[in-house]
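Kindly produce the complete structure, drawing on both the sequences and the hints.
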Amino acid sequence: MRLVTAVLKPFKLDDVKTALEAFGVQGMTVSEVQGFGRQRGHTEVYRGAEYTVSFVPKVKLEVLVDDADAADVIDVISKSAHTGSIGDGKVWSTPVDEVVRVRTGERGAEAL
Amino acid sequence: MPPIDSGDTGWVLVCTALVLLMTPGLAFFYGGMVRAKSVLSMLMQNYVCIAIVTVVWVVLGYTLAFGSDVGGGLLGGFRFTGLAHQAEPVPGLTLTIPPLLFMAFQLMFAIITAALISGAIADRVRFGAFVLFAALWSLVVYSPLAHWAFSPEGWMAKYGVLDFAGGTVVEINCGAAALAIAIVVGRRHGWPREAMPPHSLPLTLLGAGLLWFGWFGFNAGSALKADGLAVHALVNTHLAGVGGLIAWIGMERLKTGVATTLGAASGAVAGLVAITPACGYLDPMPSLLLGLLAGGACELAVQLKYRLGYDDSLDVVGVHFVGGVIGTLFLGLFATAAVNPAVVHEGLLYGGGLGQLGRQAVGVLAATAWSFTATYLLAVAVNRVIPLRVSHEEEATGLDQALHSESAYDFGSVRSMGRIG
Numbered sequence: 001m002r003l004v005t006a007v008l009k010p011f012k013l014d015d016v017k018t019a020l021e022a023f024g025v026q027g028m029t030v031s032e033v034q035g036f037g038r039q040r041g042h043t044e045v046y047r048g049a050e051y052t053v054s055f056v057p058k059v060k061l062e063v064l065v066d067d068a069d070a071a072d073v074i075d076v077i078s079k080s081a082h083t084g085s086i087g088d089g090k091v092w093s094t095p096v097d098e099v100v101r102v103r104t105g106e107r108g109a110e111a112l
Numbered sequence: 001m002p003p004i005d006s007g008d009t010g011w012v013l014v015c016t017a018l019v020l021l022m023t024p025g026l027a028f029f030y031g032g033m034v035r036a037k038s039v040l041s042m043l044m045q046n047y048v049c050i051a052i053v054t055v056v057w058v059v060l061g062y063t064l065a066f067g068s069d070v071g072g073g074l075l076g077g078f079r080f081t082g083l084a085h086q087a088e089p090v091p092g093l094t095l096t097i098p099p100l101l102f103m104a105f106q107l108m109f110a111i112i113t114a115a116l117i118s119g120a121i122a123d124r125v126r127f128g129a130f131v132l133f134a135a136l137w138s139l140v141v142y143s144p145l146a147h148w149a150f151s152p153e154g155w156m157a158k159y160g161v162l163d164f165a166g167g168t169v170v171e172i173n174c175g176a177a178a179l180a181i182a183i184v185v186g187r188r189h190g191w192p193r194e195a196m197p198p199h200s201l202p203l204t205l206l207g208a209g210l211l212w213f214g215w216f217g218f219n220a221g222s223a224l225k226a227d228g229l230a231v232h233a234l235v236n237t238h239l240a241g242v243g244g245l246i247a248w249i250g251m252e253r254l255k256t257g258v259a260t261t262l263g264a265a266s267g268a269v270a271g272l273v274a275i276t277p278a279c280g281y282l283d284p285m286p287s288l289l290l291g292l293l294a295g296g297a298c299e300l301a302v303q304l305k306y307r308l309g310y311d312d313s314l315d316v317v318g319v320h321f322v323g324g325v326i327g328t329l330f331l332g333l334f335a336t337a338a339v340n341p342a343v344v345h346e347g348l349l350y351g352g353g354l355g356q357l358g359r360q361a362v363g364v365l366a367a368t369a370w371s372f373t374a375t376y377l378l379a380v381a382v383n384r385v386i387p388l389r390v391s392h393e394e395e396a397t398g399l400d401q402a403l404h405s406e407s408a409y410d411f412g413s414v415r416s417m418g419r420i421g
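If you're matching them up, the sequences are chains A and B in order.
Be aware that the first sequence starts at 1, since it is given in my numbering, and climbs by one per residue.
Be aware that the second sequence starts at 1, since it is given in my numbering, and climbs by one per residue.
Since the hints were made in silico from the structure, they are not lab data.
The structure displayed is predicted, hence computed values, not measured ones.
Check before you lean on any hint, since a few could be wrong.
Unchecked claim - In silico lysine to any residue, SDA-like type, Cα no more than 20 Å apart, as pairs:
| no. | chain 1 | residue 1 | chain 2 | residue 2 |
| --- | --- | --- | --- | --- |
| 1 | B | Lys255 | A | Tyr51 |
| 2 | B | Lys255 | A | His42 |
| 3 | B | Lys255 | A | Thr43 |
| 4 | B | Lys255 | A | Met28 |
| 5 | B | Lys37 | A | Lys60 |
| 6 | B | Lys255 | A | Gly48 |
| 7 | B | Lys255 | A | Glu44 |
| 8 | B | Lys255 | A | Trp92 |
| 9 | A | Lys60 | A | Arg103 |
| 10 | A | Lys60 | A | Arg107 |
| 11 | B | Lys255 | A | Thr52 |
| 12 | B | Lys255 | A | Lys60 |
| 13 | B | Lys225 | A | Tyr51 |
| 14 | B | Lys225 | A | Ser78 |
What the hints assert, rightly or not - Interface residues of chain A toward chain B, partial, derived using beta-carbon atoms under 10 Å:
| no. | residue |
| --- | --- |
| 15 | Glu44 |
| 16 | Tyr46 |
| 17 | Arg47 |
| 18 | Glu50 |
| 19 | Thr52 |
| 20 | Val53 |
| 21 | Pro57 |
| 22 | Trp92 |
| 23 | Ser93 |
| 24 | Pro95 |
Claimed, not checked - To give an idea of the interface, some chain B residues facing chain A are shown, with a C-beta separation under 8 Å as derived from the structure:
| no. | residue |
| --- | --- |
| 25 | Ala195 |
| 26 | Pro197 |
| 27 | Pro198 |
| 28 | His199 |
| 29 | Ser200 |
| 30 | Lys255 |
| 31 | Val258 |
| 32 | Thr260 |
| 33 | Leu262 |
| 34 | Ser266 |
| 35 | Glu299 |
| 36 | Val302 |
| 37 | Asp315 |
Even for Gly, the Cβ is constructed at its ideal location relative to N, Cα and C.
Below, the structure written as structure tokens:
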């Protein structure tokens with residue numbers, strides 16, 4: 001099993017979710033996060049005092065998938081989140097040792 | 001005593017309520033500008049002024065301000081202590097409203113002037129210390145200055161300083177006091193290196209709107225009659241608020257390329273501050289000019305704290321002190337008896353020479369020197385009894401949790417709460 005994690009532009013979340021559902025993904029976890037990559041922050045001005053806001057709002061999407069699906073899921077996410085402009089984000093996957101469905105106690109791929 | 005006029009009384013009753021509303025308005029104007037972790041403490045400091053200053057005023061403050069002069073125009077006597085003898089006329093004034101109503105109207109001014117100071121010391125002052133400071137400040141600093149300028153028996157009024165609704169007593173007074181206490185209290189940890197942006201500008205704009213609304217009562221009510229002068233004051237007040245808004249966002253646009261909502265709210269307030277002493281003595285067009293002047297000047301003045309190194313957190317000095325000075329001096333140029341027969345010497349630009357400008361300058365200097373010195377000494381004294389400053393940890397946590405055991409914004413997500421008592 002693998003955990004696919006993506007940090008994306010918030011306004012692309014709906015497209016990504018739709019694409020993942022079409023692919024057959026059963027669930028996902030989303031959180032609002034802040035950070036920066038090559039896209040830097042912005043400037044705000046309050047009574048003439050300028051502040052640089054270094055972190056840009058992003059959404060972080062996490063999906064647990066079977067090993068066989070990981071490459072495809074990464075593909076689906078990166079295609080559906082693509083705008084071509086700076087700040088589109090990143091997708092990566094990491095190995096997962098164990099998954100348990102809390103309700104039934106199922107383990108491993110059964111619990112996905 | 002002339003007979004009580006029902007129209008005048010009705011108008012000043014309404015204005016008293018309007019001026020009361022300015023303090024909650026100020027609370028939200030300020031509250032939006034502080035960080036989310038200390039917004040309740042800011043609201044609380046303003047609301048508690050309503051309570052504490054009222055008690056001080058009815059017991060002793062009013063009589064020190066408007067009681068019969070004890071000598072030299074420096075202080076009122078004790079005849080109205082505890083609101084005694086309210087059937088008697090207010091010394092020096094010929095009113096067509098009940099003296100008790102005049103007392104209540106003036107009370108609202110005393111409340112908001114004390115509350116205004118809180119903006120300079122946001123996010124870092126202990127509640128109990130602030131309560132003690134506000135109570136004493138109202139009595140020791142505000143009441144004497146109100147006597148000097150607002151009571152016809154006060155020395156500034158007799159000398160011929162014009163102050164229709166509180167350029168010296170309210171605006172210069174709160175601004176100079178704000179500077180003094182900000183110096184005594186010291187900077188917020190991290191200021192000015194760390195960004196401390198406003199947490200809710202909608203609150204600030206709502207508060208500015210309530211202030212603007214209430215300011216009609218503040219200024220036009222200061223005519224103490226429902227007459228042409230009140231109308232004049234209201235129109236002038238509005239024009240100056242508009243001028244301030246336009247000038248401030250215009251300056252911003254030139255300097256940084258953007259017009260901001262905080263700039264619009266600040267500019268309106270700056271214009272309204274500046275017109276406060278002048279609204280009952282000016283023609284409408286000079287009032288618009290005054291608003292423009294104040295909006296532009298205050299936009300520049302709020303940058304001073306970064307150069308001089310004092311943390312006047314919400315720019316009480318840059319807006320109220322500077323705006324108050326500009327408005328008070330402006331009268332020396334544009335005051336005219338055509339608007340108000342109480343103007344004895346026409347302004348410089350109406351052919352009256354430099355005399356009135358000189359009198360206004362004396363008013364500015366006296367109010368500034370008195371307020372700054374007396375407030376500084378009072379703040380140092382209070383600091384000995386109850387330290388004004390919270391601990392570093394409390395400041396970092398935020399005053400809402402540290403001092404009031406509350407949070408302003410509970411979005412009910414991860415935070416888990418269980419009842420323990």
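Lys255(B) and Trp92(A) were given as a pair; does the straight-line alpha-carbon distance stay at or below 20 Å?
44 Å, violated
Take a quick look at whether Lys255(B) and Thr43(A) sit within 20 Å of each other, Cα to Cα.
14 Å, holds
Per the CB criterion, is Thr260(B) less than 8 Å away from chain A?
With Cβ-Cβ at 6 Å, under 8 Å, it holds.
Pair hint outcome, Lys60(A) versus Arg107(A) [Cα-Cα no greater than 20 Å]
Judged against 20 Å, a Cα distance of about 25 Å means the pair is violated.
Double-check Val53(A) for me: the hint is only fine if its C-beta lies closer than 10 Å to a C-beta in chain B.
Where the cut-off is 10 Å and the nearest Cβ of chain B is about 8 Å from Val53(A), the hint holds.
Tell me if the straight-line CA distance from Lys255(B) to Gly48(A) falls inside 20 Å.
Status holds; Cα separation ~8 Å.
Between Lys255(B) and Lys60(A), is the straight-line Cα distance small enough, at 20 Å or below?
Violated, at roughly 37 Å.
Holds or violated: the hint that Leu262(B) contacts chain A, with Cβ atoms closer than 8 Å.
Cβ of Leu262(B) sits 6 Å from chain A, so the hint holds.
Was the hint right that Val258(B) lines chain A, CB cutoff 8 Å?
6 Å, holds
Going by Cβ atoms only, is Arg47(A) closer than 10 Å to chain B?
5 Å, holds
With a cut-off of 8 Å on the beta carbons, see whether Pro197(B) makes it to chain A.
For Pro197(B), the interface hint holds, since the closest Cβ of chain A sits about 5 Å away, which is under 8 Å.
Going by Cβ atoms only, is Ser93(A) closer than 10 Å to chain B?
27 Å, violated
Hints 4, 5, 8, 9, 10, 12, 13, 14, 21, 22, 23, 24, 28, 29 from the list above are not met by this structure, while the remaining hints are.
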